[in-house]
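Colleague: Sequence:
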Amino acid sequence: MQISVLFFLPLIILVSSEEANLSSQPSFLPYSWFDYPTSGCPSYTCKQLSQTLSNGTCAYYNSISDTFYIQKCPETQFCIPNQNDKNYSCVFQKISQPKSYPGEKCAASSDCDPEYSLGCGENFLCEGIKSNGKCTVSEQCNPGLSCQEISGGFGFCKPLISIGNIGCLSDFDCIYNAGCNKISNTNSNLNICVEYGSLQPGVEISVNSCIRNQNLMCSSGTCSNINGGNQYFCTENLESLNEAPARCYNTNVKDCISKTDPKTSYFIQGSCICGYNEDRFGYCSLNPGDKAYIQFRKIEMKWLSSEEVKNCNTKRRFWPHSEMCANSFWNERDISAMKYYYLSMIEFNQIRDINECALEVFLKEYSKSKENYESYDDAEDFTTCILNCILDFGSPESTAFCMASCLL
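Counted the way mature numbering (1 follows the signal peptide of the UniProt record, and there is no 0) counts, the sequence shown spans residues -17 to -1, 1 to 391.
Incorrect hints may appear among the rest.
Below, in silico cross-link-like pairs of lysine to any residue (SDA-like), each with a Cα-Cα straight-line distance of 25 Å or less [stated by the list, open to error]:
| no. | residue 1 | residue 2 |
| --- | --- | --- |
| 1 | 285 | 357 |
| 2 | 242 | 190 |
| 3 | 55 | 285 |
| 4 | 293 | 94 |
| 5 | 285 | 224 |
| 6 | 69 | 262 |
If you are wondering where the hints come from, they were derived from the structure by calculation, not from laboratory data.
Construct the complete structure from the given sequences, taking the supplied hints into account.
Modeller: In structure tokens, the structure reads:
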């Protein structure tokens, strides 16, 4: 029996083959991605009171103790690795404000992406090409449309295709909560739009739809062939064999594998990645069946099935590329959950047992997203507590006492 193996890094599970080639905002990861854990993981700890780091240094590496000593940067600066040594320095980074796509909010035409938008309309939304207008890429089309029937470099902005109908060449031709099951890369009449997450383990899918063993239409998000053959199937939900977060040491990646799919014999070979902790632990990369992955998939599915996503250009459906559009139309609580679950997933290894200094210096965005997400949870818990007091107690005195306890 041939065993299928893939080195699977913890990136985005809900991403199309086209979207996978798009770069997201840079994330400054520890040197462990490059130098470790072949020689073991370094320790990350706060700068000692007796230590004085050189001006502008936010993380000093002591090669004798294999330890990074950390101090915070000024609020307007970022801590990034030096080119010539293992120290990190505080630097100013100009963060350019991304431009809006058709359908997204704007105050002036300068807010809209000039490559794709016709400018800011009277309704303060960036305007794109209307239905049946000539286009070259889907980014130019208004929400609810994609650039189809392309020939000679030009196509037409056409309505997104409903579930069960033919005519797609990519996920972006289908409605927001569906993908394209591609039999052909050129003949759209052979391809059909299928709802995301609707195909159960063991269901056959087209070879063109299983990209790097990932497929959004599968309920598990993963797919594989059998013994190198041409038939591809959705796999079981592949969680880590050792329950996440699983510690690992040096190059012993045997600890970092997923469970095996019974039909295809496919499993995922993960990697051992050092974290920002004092105790020199590495942690196995996540697998698609692990809790942090599933939490993100659920909230992104909620977004893709929402009414609000219909206000977005079709190419802005997947997180984090959907963030600007979601900020324009979706509710803040769900946005905070999306950000938190996304960062919890992609930075899973780094945040295990993380040192507080390292959290503030290296993973500020994660720290902010966690705080923001938990603030919504606290507010919801308080509201629920108050409502329960009103419903459960008859006398004003008992109700007042109960409501006072909600503040504790």
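Colleague: All hints are to be evaluated individually against the structure, with a verdict given for each.
Modeller: Hint-by-hint comparison with the structure:
{"no.": "1", "hint": "285 - 357", "in the structure": "19 Å, holds"}
{"no.": "2", "hint": "242 - 190", "in the structure": "23 Å, holds"}
{"no.": "3", "hint": "55 - 285", "in the structure": "37 Å, violated"}
{"no.": "4", "hint": "293 - 94", "in the structure": "20 Å, holds"}
{"no.": "5", "hint": "285 - 224", "in the structure": "28 Å, violated"}
{"no.": "6", "hint": "69 - 262", "in the structure": "19 Å, holds"}
In this structure, the earlier hints numbered 3 and 5 are contradicted, and the remaining ones agree with it.
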